[in-house]
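**Q** Sequence:
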Amino acid sequence: MDTNVSISACPHDCPSTCALEVTHDKQKIYKVKGAEKNTYTSGVVCAKVSRYSERTHHPDRLLKPMINCGNKGTKSFKEISWNDALDRVADNFISIEQKYGSEAIWPYYYAGTMGLVQRDGINRLRHVMRYSGEHTTICNTITDSGYKAGVGKFIGPDPREMAVADVILVWGSNPASTQVNVMKHIQKARKERNAKLLVVDPYLNRTAKVADIHYPVRPGTDGALACSLIHIMFRDGYADRDYMSKYSDDPIGLEKHVSKFTPKWASEITGLSIQMIEDFAKIFGQTKRLYTRLGYGFARQRNGASAMHAVVSLSTVCGKWQYEGGGAFYKNADIYKMDKTLIEGLDVLDTNIRMLDQSRIGSILTGDKEALENGQNVYGMIIQNTNPLIVAPESSGVGKGFRSEDLFVCVHEQFMTETAKYADIILPATTFVEHDDIYIAGGHQHITFGPKLINPIGEAKSNHYVLQELAKRLGAKHKGFEMTEREIIDWTLKSSNHGSLINLEKNGWKDLQPDFNSSHFING
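The numbering of the sequence shown is our numbering, which starts it at 3 and goes up by one.
Keep in mind the hints are simulated off the structure, nothing from the lab. Heads up, the beta-carbon is just placed ideally off N, CA and C, and yes, glycines get one too. Please note that the accuracy of each hint is not assured.
Across the chosen pairs, the derived CB separations fall in these ranges [what the hints assert, rightly or not]: (1) Asn505 with Lys50: 37 to 47 Å; (2) Ala113 with Glu326: 25 to 35 Å; (3) Lys371 with Asp238: 52 to 62 Å; (4) Ala113 with His60: 41 to 51 Å; (5) Arg475 with Tyr205: 45 to 55 Å; (6) Ser97 with Lys28: 55 to 65 Å; (7) Asp238 with Ile524: 23 to 33 Å; (8) Ile524 with Phe417: 26 to 36 Å.
Derived pair list, reagent style BS3-like, types lysine-lysine, alpha-carbon separation capped at 27 Å [unchecked claim]: (9) Lys266 with Lys248; (10) Lys512 with Lys339; (11) Lys423 with Lys39; (12) Lys28 with Lys339; (13) Lys258 with Lys290; (14) Lys454 with Lys30.
Given the sequences, and given the hints that come with them, work out the whole structure.
**A** Pasting the structure below:
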């Protein structure tokens with residue numbers, strides 16, 4: 003068997019964006035493992051991705067375009083050619099636009115792949131054709147708001163610094179189940195430095211089970227605990243007033259504000275004992291190298307933004323950012339500065355086009371005027387990278403919307419998902435090893451190239467191909483539709499000052515971690 007081992011990246015919606023070593027030939031992938039030489043992935047990958055060959059070569063993969071011949075929500079489909087399928091999608095979109103206007107068409111997507119070209123390219127079609135926009139609100143809008151309020155931008159201490167911390171505080175995350183790389187760096191610190199692992203979570207999850215101390219707060223009370231800890235920092239002299247005077251806003255006002263948030267007050271709210279809160283504060287206050295790893299758990303509560311803000315403020319109150327292995331990390335999104343003009347068609351973006359909230363798809367498809375921004379109903383959709391009938395809130399309303407005979411839906415998918423069953427046209431999609439793409443990571447600092455490693459299964463086509471072909475039929479003119487994935491990637495890298503695709507492909511990934519002073523805000 004003549005096989006190769008190639009570098010790639012995991013496409014899933016996960017902060018780890020693991021660098022991979024994939025064993026394959028031109029037709030099949032055989033083995034997927036974490037890349038040993040990547041200093042963050044460090045050879046570790048989750049069980050799901052290690053078995054990715056089973057997904058790519060699964061017998062239930064969609065292999066040919068299909069048209070719905072029966073009632074929506076059933077499997078009454080028959081195979082048709084790609085040309086016929088794309089012609090039908092384009093003809094329906096043209097007819098809808100002529101009758102109701104361009105905003106009656108809503109391209110819908112999310113994070114089924116995190117590759118920038120295959121995920122975000124749908125926005126190029128949207129912007130050129132002036133279709134309705136999309137607010138991507140499902141996952142982390144709340145946590146983003148809270149962290150940015152406390153820090154200012156999405157950057158933080160090198161995630162690899164967990165390995166040199168004396169205490170690692172995991173708050174709002176369960177990395178033992180969801181980010182195995184985080185646990186590898188934590189375990190290194192525990193083994194080599196006798197570091198302690200603290201976990202704040204309502205549940206005794208897998209991470210909490212291996213922690214030195216678990217703080218089982220009541221759901222939604224993280225902010226109360228954080229405010230009480232800040233209260234103790236000021237009360238007991240752990241607050242770094244010199245640091246705050248230089249780097250923070252209104253520390254005097256903060257001290258006054260938290261003066262009423264006593265451990266007794268927090269105990270009644272959180273369910274933790276007063277002594278447990280006091281002991282937690284002592285550990286936090288006395289440890290310089292305390293690394294706080296924050297997660298998306300804050301997004302699962304209505305007050306998540308304020309809770310995230312309070313928790314990240316703890317590191318500022320105590321000046322943890324000054325020390326290697328100290329500070330708070332949420333994600334590194336702002337270090338990449340990717341120019342997505344070509345990928346998304348940002349040069350033709352019209353800010354007057356309405357934006358629809360992806361989380362309110364049920365209300366939108368059932369004609370709620372507020373959700374529709376008092377505009378036209380949605381009569382046409384193309385869906386890539388998501389399964390809204392399962393993922394989106396208020397699924398009964400989503401299902402009702404998809405059952406409407408007035409709604410034309412094209413779903414581009416790898417499998418017959420719940421949403422695909424309601425499609426008028428289904429198009430078979432590639433997996434990450436069947437197309438080219440580029441990946442950036444929220445949970446670390448690498449750009450990684452994911453090359454096409456095998457020929458597409460059946461007649462599966464990439465998202466980029468589908469958008470190119472629809473653009474031809476719809477008369478959508480843009481440079482991005484005339485280029486291959488690799489050409490777009492190369493242009494994007496060069497325009498973002500990250501070198502060329504040739505160099506990235508040669509090295510597999512590029513480490514963009516800012517220096518210590520920048521990532522720890524030593525210079526402000």
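**Q** So, for every hint listed, does it hold in this structure?
**A** Evaluated hints:
1. Asn505 with Lys50: 37 to 47 Å: At roughly 31 Å between Cβ atoms, Lys50 and Asn505 fall outside 37 to 47 Å, so the hint is violated.
2. Ala113 with Glu326: 25 to 35 Å: 32 Å, holds
3. Lys371 with Asp238: 52 to 62 Å: Cβ of Lys371 to Cβ of Asp238: about 54 Å, so the range 52 to 62 Å holds.
4. Ala113 with His60: 41 to 51 Å: This hint is violated: roughly 21 Å between Cβ atoms.
5. Arg475 with Tyr205: 45 to 55 Å: Once the Cβ atoms are compared, 50 Å apart, the range 45 to 55 Å for Tyr205 and Arg475 holds.
6. Ser97 with Lys28: 55 to 65 Å: 41 Å, violated
7. Asp238 with Ile524: 23 to 33 Å: Since the Cβ atoms of Asp238 and Ile524 sit about 26 Å apart, the hinted range of 23 to 33 Å holds.
8. Ile524 with Phe417: 26 to 36 Å: 49 Å, violated
9. Lys266 with Lys248: 31 Å, violated
10. Lys512 with Lys339: 14 Å, holds
11. Lys423 with Lys39: With Cα atoms ~42 Å apart, Lys423 and Lys39 exceed 27 Å; violated.
12. Lys28 with Lys339: 34 Å, violated
13. Lys258 with Lys290: 24 Å, holds
14. Lys454 with Lys30: Distance of about 12 Å is within 27 Å: holds.
When the structure is compared with the earlier hints, violations turn up for hints 1, 4, 6, 8, 9, 11 and 12 and for no others.
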